[in-house]
Amino acid sequence: MSFTRWVALAACLALGACASPQNFQQPIGDFATATASASTALQTLDQTATANYNAVELAAALKDPSKIGSKSGDCRLTSIDCTVVVNADQPGGAALPLHVKSLVPNSVQVMTVVADYANGLKTLAAADSTPAVQDGLGKTLGAAVSIATTVNAPTGTLIGAIQQPLTDTGVYLFQQYQNAATVAALRRATTAADPVIKDAMGLLSDEYIAVQNAAIARASDDYELKLIAARAPAGGEAAINALVTSANTFDDELRLKNTNIYAQVATAHTTLKDALQNPDVSLTDAISQIQVLVQQIKNVQAIVADIQAATQPPAPQAPANQTPPPGPPPPPPANQ
Amino acid sequence: MADKTTAQIFAQYKAAIAAMQKSADDIADKIEATTDTAVATTLATQRQVFTLSIQKLSYVTVMTLDNSTDVANLAATLNGVLKDLTAAQAKIAAVGAAIQSIGNVLTSLSGLVTSVSSLVKPGSGSPPPPPPPA
Chain A
1 MSFTRWVALA ACLALGACAS PQNFQQPIGD FATATASAST ALQTLDQTAT ANYNAVELAA
61 ALKDPSKIGS KSGDCRLTSI DCTVVVNADQ PGGAALPLHV KSLVPNSVQV MTVVADYANG
121 LKTLAAADST PAVQDGLGKT LGAAVSIATT VNAPTGTLIG AIQQPLTDTG VYLFQQYQNA
181 ATVAALRRAT TAADPVIKDA MGLLSDEYIA VQNAAIARAS DDYELKLIAA RAPAGGEAAI
241 NALVTSANTF DDELRLKNTN IYAQVATAHT TLKDALQNPD VSLTDAISQI QVLVQQIKNV
301 QAIVADIQAA TQPPAPQAPA NQTPPPGPPP PPPANQ
Chain B
1 MADKTTAQIF AQYKAAIAAM QKSADDIADK IEATTDTAVA TTLATQRQVF TLSIQKLSYV
61 TVMTLDNSTD VANLAATLNG VLKDLTAAQA KIAAVGAAIQ SIGNVLTSLS GLVTSVSSLV
121 KPGSGSPPPP PPPA
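Residue numbers (this note's numbering), protein chains in the order written: chain A, 1 to 336; chain B, 1 to 134.
Incorrect hints may have been included.
Only pairs whose alpha carbons sit at most 27 angstroms apart, straight line, appear in this in silico DSS-like list of lysine-lysine [what the hints assert, rightly or not]:
1. Lys139/A / Lys273/A
2. Lys122/A / Lys198/A
3. Lys83/B / Lys71/A
4. Lys22/B / Lys257/A
5. Lys122/A / Lys273/A
6. Lys83/B / Lys30/B
7. Lys273/A / Lys298/A
8. Lys298/A / Lys198/A
9. Lys14/B / Lys257/A
10. Lys30/B / Lys67/A
11. Lys198/A / Lys83/B
12. Lys22/B / Lys83/B
13. Lys63/A / Lys83/B
14. Lys101/A / Lys257/A
15. Lys101/A / Lys139/A
16. Lys257/A / Lys198/A
17. Lys122/A / Lys298/A
18. Lys14/B / Lys101/A
19. Lys257/A / Lys30/B
20. Lys273/A / Lys198/A
21. Lys101/A / Lys63/A
22. Lys122/A / Lys139/A
23. Lys30/B / Lys14/B
24. Lys122/A / Lys67/A
Covered stretches of chain B, as calculated for chain A (at least 3 residues, CB under 8 angstroms) [stated by the list, open to error]:
25. 49–57
26. 105–112
It is worth saying that the hints were derived from the structure and are not from the lab.
C-beta: ideal position from N, C-alpha, C; glycine also.
Produce the entire structure from the sequences given, and follow the hints as far as they go.
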């Protein structure tokens, strides 16, 4: 064993800092599972929000088809892209795409890489040899660099953490030293990545709030129209049932706004980082925050499933040649 | 766009949205207070100026935060929303809804227009004109 290894082992034993990575495997595993679910949830939310956006622009196009046109500079033989837009009613207003595939393609990508990063931490916590630790650290920090690049965050600290060797490779004789190397790698990864995770999740939180503001506005429009119909003398039971259905969707959207899982991903990561620095003090906090995240994601998944069930028509019972069910409900009538 | 400027713009976006939500809620109160279906329907139509503006502004803000659209598009959208709401102001007053907060909406949006316009790079789109007088 080299001198540096002896020194490290001695320090580890003397300082009582021989934290066992096994203690972190469960919370890190839960964190990885939660971020994977958060990534899936974002994709679902993006699909719903994109469908709603497309419906709003379709309504604007149907209201005045003469507003349909090509994006400035697009859709010519010499163009690079072709995007159909709906021009604004007012001069100087925005020409918005008539149809988009995703409202937040970059954020979906960021959240996918955050899930990869968390999975890398999980692999790292279970690494049983120094080469595996070094490999896991490189992959984990590499994912964090990818996140930072996408959200325009600085990458210098991360790249420095990658370039600095954790230790020389080889087969260690002492399990304590192996454990110390693993915990050191986890510390370095989470410490370097934490600001990036905070930046990325801050951005996703803002986007989540804006998406929910739009969804709530849409749901409230539907609710008001159903309320008026239900209160009209000719309304009847069908109108009242439609109002109840609309109210349930509105209620779901309001509850969804108050369940910002992306802010909680950042909180859970920071407590995990702190726990790795001082497990005796904060491991319980980390486990607690990760459990909050897991529960919030379950709530979101349940609410999203409710909304999808309410907005999708039941499976057709009619013959096979029936027209396919429509997409999301049409937007409210044009204003003015 | 993960920087302080974005944070400032998003704070103003939230203020503008909150003001529009308040106005929409005020009209919802009026809708529930009337027993006249025709009046309620008219109010609901006026209310949609706000709800549709909230949706448009939110969607374009999201796309801007994601970097999937240009900041110039956010500025132009804001400009359109501001004009729509200004045009709707007289009509909303005419139907008797006491929308005290519409002035706050226009003020919030004007602040947002100024902030976003300062981010629009020359040549990346037409910056919106100054906000109309309240």
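Status of each hint after checking the structure:
Between Lys139/A and Lys273/A, the direct Cα distance comes to roughly 18 angstroms. Compliance with the 27 angstroms bound is thereby established for this hinted pair. Of the supplied pair hints, the one linking Lys122/A and Lys198/A holds, its CA atoms being roughly 19 angstroms apart against a limit of 27 angstroms. For the given pair, Lys83/B sits about 22 angstroms from Lys71/A by alpha-carbon distance, which is consistent with the 27 angstroms threshold. A C-alpha spacing of about 17 angstroms is found between Lys22/B and Lys257/A, which places the hinted pair at or below 27 angstroms, so the restraint holds.
About 13 angstroms separates the Cα atoms of Lys122/A and Lys273/A, which keeps this hinted pair within 27 angstroms; it holds. About 24 angstroms separates the Cα atoms of Lys83/B and Lys30/B, which keeps this hinted pair within 27 angstroms; it holds. This hinted pair checks out: Lys273/A and Lys298/A have alpha carbons roughly 24 angstroms apart, not beyond 27 angstroms. Our distance criterion of 27 angstroms between C-alpha atoms is met by Lys298/A and Lys198/A, whose separation comes to about 22 angstroms.
Of the pairs offered as hints, the one joining Lys14/B and Lys257/A holds, with about 13 angstroms between alpha carbons and a cut-off of 27 angstroms not exceeded. For a cut-off of 27 angstroms, the pair hint linking Lys30/B to Lys67/A is broken: about 33 angstroms separates their Cα positions. With a C-alpha separation of about 37 angstroms, the suggested pairing of Lys198/A with Lys83/B is violated against the 27 angstroms cut-off. Distance hint between Lys22/B and Lys83/B is fulfilled; the C-alpha atoms sit about 19 angstroms from each other, no more than 27 angstroms.
For the hint pairing Lys63/A with Lys83/B, the CA-to-CA distance comes to about 18 angstroms; that is within 27 angstroms, so the pair holds. For a cut-off of 27 angstroms, the pair hint linking Lys101/A to Lys257/A stands: about 23 angstroms separates their Cα positions. With a C-alpha separation of about 30 angstroms, the suggested pairing of Lys101/A with Lys139/A is violated against the 27 angstroms cut-off. Under the criterion of a C-alpha separation no larger than 27 angstroms, the hint pairing Lys257/A with Lys198/A is consistent with the structure, at around 20 angstroms.
With a C-alpha separation of about 21 angstroms, the suggested pairing of Lys122/A with Lys298/A holds against the 27 angstroms cut-off. Distance restraint check for Lys14/B and Lys101/A: the Cα-Cα separation of roughly 26 angstroms lies within the 27 angstroms cut-off, and the hinted pair is therefore satisfied. Between Lys257/A and Lys30/B the CA atoms are separated by roughly 25 angstroms; this keeps the pair inside 27 angstroms, and the hint holds. Only pairs whose Cα atoms come within 27 angstroms are accepted, and Lys273/A paired with Lys198/A is accepted, the gap being roughly 12 angstroms.
A threshold of 27 angstroms between alpha carbons decides the hint, and for Lys101/A with Lys63/A the separation of about 22 angstroms falls inside it, so the pair holds. Restraint check for Lys122/A and Lys139/A: satisfied, since their Cα atoms lie roughly 12 angstroms apart, inside the 27 angstroms limit. The straight-line distance between the Cα atoms of Lys30/B and Lys14/B is roughly 24 angstroms, inside the 27 angstroms bound, and the hint therefore holds. Of the supplied pair hints, the one linking Lys122/A and Lys67/A is violated, its CA atoms being roughly 52 angstroms apart against a limit of 27 angstroms.
As drawn, the segment 49–57 of chain B meets chain A at 7 residues by the rule of a beta-carbon pair under 8 angstroms; at three or more, the given contact holds. Given as covered by chain A, the segment 105–112 of chain B fails the check, having 0 residues with a CB less than 8 angstroms from a CB of that chain where 3 are the minimum.
Of the hints listed earlier, those the structure fails to meet are numbers 10, 11, 15, 24 and 26, in rising order.
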